[in-house]
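Asks: Let the hints inform the model, and build the full structure from the sequences given.
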Amino acid sequence: MVLPLVLGLLVLVAVAAPVLDRFVGRAAGWLLAVIFLALGAVLAVEAPRIITHDEEIEYSAPWMPAIDVLFDFRLDGTGLLFVILVLGVGALIMGYSARYFSRGKHGDYYFLMALFAAAMFGLVVADDVVLLFVFWELTTVCSFFLIGRTGHSANQPAIRTLLLTVAGGLALLGAVITMIVHIGTSRLSVILADPAWQEDPAFATTTGVLVIIAAFTKSAQFPFHYWLPDAMAASTPVSAYLHAAAMVKAGIYLLMRFSPALADNITWNVLLIGVGLLTAIMAALFALQRHDLKELLAYSTVSQLGFLVAVIGIGTPGALAAAGVHTLAHALFKATLFMLVGVIDREVGSRDIRRLTGLRRVMPITAGLAALSALSMAGVPPLLGFISKEKLFASYLEAPGPAVVGPLVGAAAVVGAILTFAYSFRIVYGAFGGPTTQTRLREPSLVFLLPAAVSSIAGLVLGFFAGWLDPLIDRVVLDTRGTPGEIHLGLWHGVAPELYMSVVTIAVGVVLFLRREFIDRLLDRRLFPVTGVQVFERCHAAAITFGARVAGLTRTFSPARHLAVPFVVLAAFGAGALLTGVRVPPFPEPVTRPMDWLLMALVAGGTVGIVLTRSRLAGLALLGVIGFVIALFFFILGAPDVGLTQLLVEVLTVVVAVLVLRRLPKSFHSTGALRKSVAAGVALLAGGAAAVGTFAFTGRREISGAGEYFLREAKEETGGTNVVNTILVDFRALDTLGELTVLGLAGVVILAVLEVNGLMRGDSSPQAARYIGTPIGSPAGNMILARTVGRWLAPVLVVLSLYLLVRGHGEPGGGFIAALVGGAGFALAYLSASSAEAAPIRWPYVGLIASGVGVATLVGVLGFGDGGFLRPLHADIPLFGGGHYHFSTALVFDIGVYLAVIGVTVTALNRLGVEDVPPGTETGNRRSDPAGTVAAEPGEPGEPDSRYEATEPLPGSGGRR
Amino acid sequence: MSLALVVGVLVAGGTFLVLQRGMVRIAFGFVLLGHAANLVLLSAGGAARRGEPLLSIADLATAADPLPQAFVLTAIVIAFAITIYMLTLAGAGEGDDDTEDRR
Chain A
1 MVLPLVLGLL
11 VLVAVAAPVL
21 DRFVGRAAGW
31 LLAVIFLALG
41 AVLAVEAPRI
51 ITHDEEIEYS
61 APWMPAIDVL
71 FDFRLDGTGL
81 LFVILVLGVG
91 ALIMGYSARY
101 FSRGKHGDYY
111 FLMALFAAAM
121 FGLVVADDVV
131 LLFVFWELTT
141 VCSFFLIGRT
151 GHSANQPAIR
161 TLLLTVAGGL
171 ALLGAVITMI
181 VHIGTSRLSV
191 ILADPAWQED
201 PAFATTTGVL
211 VIIAAFTKSA
221 QFPFHYWLPD
231 AMAASTPVSA
241 YLHAAAMVKA
251 GIYLLMRFSP
261 ALADNITWNV
271 LLIGVGLLTA
281 IMAALFALQR
291 HDLKELLAYS
301 TVSQLGFLVA
311 VIGIGTPGAL
321 AAAGVHTLAH
331 ALFKATLFML
341 VGVIDREVGS
351 RDIRRLTGLR
361 RVMPITAGLA
371 ALSALSMAGV
381 PPLLGFISKE
391 KLFASYLEAP
401 GPAVVGPLVG
411 AAAVVGAILT
421 FAYSFRIVYG
431 AFGGPTTQTR
441 LREPSLVFLL
451 PAAVSSIAGL
461 VLGFFAGWLD
471 PLIDRVVLDT
481 RGTPGEIHLG
491 LWHGVAPELY
501 MSVVTIAVGV
511 VLFLRREFID
521 RLLDRRLFPV
531 TGVQVFERCH
541 AAAITFGARV
551 AGLTRTFSPA
561 RHLAVPFVVL
571 AAFGAGALLT
581 GVRVPPFPEP
591 VTRPMDWLLM
601 ALVAGGTVGI
611 VLTRSRLAGL
621 ALLGVIGFVI
631 ALFFFILGAP
641 DVGLTQLLVE
651 VLTVVVAVLV
661 LRRLPKSFHS
671 TGALRKSVAA
681 GVALLAGGAA
691 AVGTFAFTGR
701 REISGAGEYF
711 LREAKEETGG
721 TNVVNTILVD
731 FRALDTLGEL
741 TVLGLAGVVI
751 LAVLEVNGLM
761 RGDSSPQAAR
771 YIGTPIGSPA
781 GNMILARTVG
791 RWLAPVLVVL
801 SLYLLVRGHG
811 EPGGGFIAAL
821 VGGAGFALAY
831 LSASSAEAAP
841 IRWPYVGLIA
851 SGVGVATLVG
861 VLGFGDGGFL
871 RPLHADIPLF
881 GGGHYHFSTA
891 LVFDIGVYLA
901 VIGVTVTALN
911 RLGVEDVPPG
921 TETGNRRSDP
931 AGTVAAEPGE
941 PGEPDSRYEA
951 TEPLPGSGGR
961 R
Chain R
1 MSLALVVGVL
11 VAGGTFLVLQ
21 RGMVRIAFGF
31 VLLGHAANLV
41 LLSAGGAARR
51 GEPLLSIADL
61 ATAADPLPQA
71 FVLTAIVIAF
81 AITIYMLTLA
91 GAGEGDDDTE
101 DRR
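Respectively, the protein sequence lines represent chains A and R.
Heads up, the first sequence is in UniProt numbering, so the first residue is 1 and it goes up one at a time.
Heads up, the second sequence is in UniProt numbering, so the first residue is 1 and it goes up one at a time.
Please note that a few of the clues may not be correct.
Unchecked claim - Only part of the chain A face toward chain R is listed, based on derived beta-carbon distances under 7 Å: (1) 403; (2) 493; (3) 638; (4) 640; (5) 646; (6) 657; (7) 664; (8) 687; (9) 691; (10) 698; (11) 711; (12) 721; (13) 724; (14) 739; (15) 746; (16) 748.
Stated by the list, open to error - Just a sample of chain A residues kept apart from chain R, beta carbon distances all over 10 Å, derived: (17) 107; (18) 348; (19) 361; (20) 437; (21) 440; (22) 478; (23) 508; (24) 520; (25) 543; (26) 850.
Just so you know, these hints were derived from the structure itself, not from any lab.
Virtual Cβ for every residue (Gly too), placed ideally from N, Cα, C.
Replies: Set out below in C-alpha cells:
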C-alpha cells in the first residue's frame, strides 16, 4: 500500500504545486524538497526489510482486467536504488530551485518537476510492462515541456528531443507487446523469470534489441547521443535533475532490469559493451572540445552513461554491482556540478570557460565543492567516484568471450577514463584557475549552495564509508543476477589490476592536463563531418517532404474528384457481384405492400426534379418533399419514432437552408455537357448497384437475434415500453453519447467556420426596391400573421416538447424528437420576428451543447454505481393516492440529449440568421444601408427600426471578408 | 423490391448531385444519400414485419426489428448536424458556394 500511496502523494503534490507557488512564490521549492524527503522517509522505514531480508514491497490492483493488465507495483533493491536518486536528488534540486529562479511565478515549473518525479517513481516501481511503458512515456512528456518552457529558442531542441525519445518509446512498446504475446503475461517479474529468454534466442534477441533501442535513446547513447547536449536549452535545475541524475538513468534502469533475462545473450553483450565504450570515449573527446560549462557537462553525462551501459553489458555480478555504485556516484557528482554551474551562471553571467577565470579567490566555497565533485568524477581517491571507477575497471576485465576481449575492453575503458580525468580538470581549472579578473564578485548565499554542498560532501563521506552501501548493492546484484554479490566496497582492495589501471589513468590524465594548450589546439577541429542535430534535421525534413509528396498525389481542390471514388468503387462491386453471381436465400415473407409503390413514385418524381432544376429554391422545396415522403415511408415500415424524427429534421433543415440560400445566387452553377454525362453515368451505375445490392442482401431472414432480445426484455430490463427509445438511452446509450458528441462538435464547428470566415453578404436583389412603402417591404407589417400565431403556438410547442421528452420511454417521443419540436418552436420564433434584433435567442448555445454532453456523461458516470458506465439506475417514486412513478436515470440522459440537440439547432439559427455586419462595425452602431437597395421602412411606433443593427458582433467581422 | 428501388433512385440522384460544383447541391446530395442509407438499414431489419415496436400495443410476432430503427434514428440526427454544417460552409464563402473556383 505504501507504493501507490507515495505515488499518489507525488501526483497530488504536483497538482498542488502551482497553488503553493502562488502563495509562497519560488520558496515552494523548499516545501517540495521537504515533502520529497518525508516521502523518502516513509519508504526508508520499509527499506531494511528489502535490503536485509530479501523481501519486496508489492501492491496490486486491477486496471484492465480484460487483458490482464494490473496496477502492479514492486519495490526491490534495484528499484530502491533509483528511488533514492529520484527522491534524494529531487529534494536537493527542489531546494536549489528555490534560490536559482528569480522571484515570481514558477507554478508550471514546480508542477512539471513534481509530476516528473511521480512518473520516474512509478517507472522504477512498476511491475507491469504496460504500466512501465506509460510511466516511461510520461517522463518523456515532462522532459519535453520542461525544455520547451525555457523560451522560444528552446522550441526546436524540445521538439527534437521529444521526437527522438518518443521513437525510443515506440521501440519499448514493441518490446512490451512482443513479451506479452510471447510469454502471456504483462507482469514484469514473471516475464523476466520466464525460461523463454534462454530457450528461444530469436525472441530474446528481438526483444533485447528493442529494449536496447529504447534505453539508448533515453540514455543518449550513440547514435542518439546528440539530444542530451541539445536539451541543455532547459534551465539548469531541469538539466541537473532530468538530464543528469534521473531521467537519463531510466535507460540504465531498464537495462539493469532486463539484465537477468538477457545478460547471457551475445547480441546484448556486444551491443552494450561496444556502443557503451564508443559513446564513453567519443563523448569525452567532445567534452574536451567544449567551452560552455553546461554543454561540457552534458557530454560528460553522455560519456558516463556510456561507461554504465558497457558495464551492464558485461553482465557479471561484479559488473552489475559496479553499475549500481556508479549510478549513485554519478548522480551525486554530476548533480553537484550542474548546480554549481548554475550558481556561476547566476553570479557571473557566463558559463564560458574562456571568459571565466580565477573564481577561486572570490568564490572559494563554490570552488571547493566543484573541485570535490570533479575529483570524484575523475576517479581520484578517497571519493566515491574512485571506488565506483575501480569497480568498473575490475568488471571490464571480466568481459565475456575470448580471453583477449577483457584486456581490450579494459584498455578502452582506461582511455575513456583518462579523457574523463582531463575534462574534469578542465572544468575546475577553466572556471576557478588562472588570474582573478572579476574581483568584485561575491560568494552566493550559503542557502543557495546548500543543496550542492550536500551532494558534494556525500560523495566524500561515502568514499570513506563505502561499506554502508554494501547491503544495498548486494541486493541490487541479487535482483539483477540472481546471486548474492558478496560485495565489499572500500578504498583499498590490495594490489589488483584495477589499481594499476587507476594509476595509469591518473598519471596520463595529469600529463594531459599539464599539456592542456596542446590538447586544445589538437582538438580544435571538427571530429565528424556532420553533427547529430544536422542528421536529425535532415531526416526530419525528408520525412515531411515525403509525406507532402504522398499526400500531393490525391490533392485537388475539387470535391467531386474525391467524392466520385467511392461511388465508382460501389458500382465496381456491383458489377463484380453480377459477374460472379451470388446465391441468396428467398424472402421469408413478402416484403412489398401496395402503398410502397405510391411513395416510390413520389420519391422518384422528387429526385428527378431536384436533379434537373436550376433554381435553388425549387431544389430546396423538392428536397423537403422527398424528406416528407421518406418520413411517411418510415411510418408505414413500423417506425413511428424514426418517422417523427425525420419529419422534424426535415422542417429544421429547410429552415436552416433558407437562411443560407437567401445569401446565394438564385440558380445553381451551370455545368458542361461532358461533366453532366459523366456524373449521370456514375450516378446510374451507383444507383443500380445500390438497388441490386439492397434487393439481394437485405430482408431475407427472420428478425435478428438482437432485435428479438430487445423486444422480449426491454420492459423487464428498463421499465420502458418504447423499445427504440430504450435502446437509445439504456441498452446502447454509449452509441448515443458518441452521437451527441458528434452533434455538439458540428455545432462548435459551425461557430468556428463562421468566426474564421464570417458570413457572406445577403443577396440584396434589386427587385426588393420595388416593395418599398408596401406592406411586403415592411418586415414588421409583413410578419403580423406569423407573429400572432407564433405567440400562441410557441408555448404550446414548448409544453409539447417537454411532454414528448418525459413520455419517450413508453410512447413515441424521447430526447431527440422533443428537442426537434422545441427547435421548431425556436425556428418559428425566428422566422416570425420583425427584425434581426428581435429574432436571436439570447441563450448561451455553446453552453447548452456542452451541458447536454456533460449531463449525459455525468449520468453515465453515475452508472458506475451499478457496475458500469452508462448503466441506468432505477427508482420507484410513490405518488400521492397510490401508485408510483418509475424513475430511471435514462430520463436524465435523455435530457442531456435534449439539451445538446436544442443547442445545435439554436446555434445554426442564430449564427446563420444574423444580419450582415460590415467589417469593423461596433455592436449596436447604426449604419447606413450597405447597397442602398432595401430602404429602411420605419417600424411601427414603439418598435425601433433596428433592422440593420448588429445584434451581436460577428467575431470574424474584423478579419477576412 | 420497392425499398430496393427507392434506395437505387436516391443513390443515383444523390450521386449526381454530389458530383456537381456548388456546395449547396453537394449538401442536398448528401441528404439524399443519407435517406438511402437509412432505408437500407431498415430494409436489413426486414420489411415484412411492420408492426410498431411499442410494447403497449405491439404484437411481438409482427413487430418490426427495433435495433435498425435505433440506428436510423441516431443516423438521422447526425445527418442533420452534417447537413447544417455543409450549409454553413456553403454560406461562408466569398459570395458564392462554388467549390471549384480557384481565384
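Asks: Hint by hint, note whether the structure agrees.
Replies: Hints and how they fare:
Interface restraint check: residue 403(A) against chain R, minimum CB-CB distance 73 Å, threshold 7 Å, status violated. Residue-level restraint check for residue 493(A) is violated (minimum Cβ-Cβ distance to chain R is 76 Å; threshold 7 Å). Given hint, residue 638(A) at the interface with chain R, holds; its Cβ is 4 Å from that chain's nearest Cβ, closer than 7 Å. Because the beta carbon of residue 640(A) sits about 5 Å from the nearest beta carbon in chain R, less than 7 Å, this interface hint is met.
Using the Cβ-Cβ criterion of 7 Å, the hint placing residue 646(A) at the interface with chain R is satisfied: the shortest such distance is roughly 6 Å. Residue-level restraint check for residue 657(A) holds (minimum Cβ-Cβ distance to chain R is 6 Å; threshold 7 Å). Contact between residue 664(A) and chain R, as hinted, is supported at the beta carbon level, the nearest pair being about 6 Å apart and thus within 7 Å. Taking 7 Å as the C-beta cut-off, the interface hint given for residue 687(A) holds, the closest approach to chain R being about 3 Å.
The closest approach between the C-beta of residue 691(A) and any C-beta of chain R is roughly 3 Å, which is under the 7 Å cut-off, so the hint is satisfied. Using the Cβ-Cβ criterion of 7 Å, the hint placing residue 698(A) at the interface with chain R is satisfied: the shortest such distance is roughly 4 Å. Checking residue 711(A) against chain R: minimum C-beta separation of about 6 Å stays under 7 Å; hint holds. Here the hint on residue 721(A) is kept, as its CB sits about 4 Å from the closest CB of chain R, short of 7 Å.
Interface restraint check: residue 724(A) against chain R, minimum CB-CB distance 5 Å, threshold 7 Å, status holds. With 7 Å as the threshold, the beta carbon of residue 739(A) comes within range of chain R, its nearest partner Cβ sitting at about 5 Å, so the hint holds. With a least beta-carbon distance of about 4 Å to chain R, the hint placing residue 746(A) at the interface is held under the 7 Å criterion. For residue 748(A), the suggested interface contact is broken, since its CB lies about 10 Å from the closest CB of chain R, more than 7 Å.
Against chain R, the non-interface label of residue 107(A) holds: every CB pair exceeds 10 Å, the least being about 39 Å. Residue-level check passed: residue 348(A) sits 58 Å from the nearest beta carbon of chain R, beyond 10 Å. Consistency note on residue 361(A): stated as away from chain R, and its beta-carbon is indeed over 10 Å from all of that chain's, at 71 Å minimum. Under the 10 Å C-beta cut-off, the non-interface status given to residue 437(A) relative to chain R holds; the minimum distance is some 66 Å.
Non-interface call for residue 440(A) relative to chain R: holds, since the shortest CB-CB distance, roughly 65 Å, exceeds 10 Å. No beta-carbon of chain R comes within 10 Å of the beta-carbon of residue 478(A); the shortest separation is about 59 Å. With a minimum CB-CB distance of about 71 Å to chain R, residue 508(A) clears the 10 Å threshold, and the non-interface call stands. The beta carbon of residue 520(A) is kept farther than 10 Å from every beta carbon of chain R, the shortest such distance being approximately 61 Å.
The non-interface label for residue 543(A) is consistent with chain R: the shortest C-beta to C-beta separation is roughly 29 Å, beyond 10 Å. Look at residue 850(A): its CB is around 15 Å from the nearest CB on chain R, clear of 10 Å, so calling it non-interface holds up.
Going down the numbered hints, you'll see the structure goes against 1, 2, 16, while the others check out.
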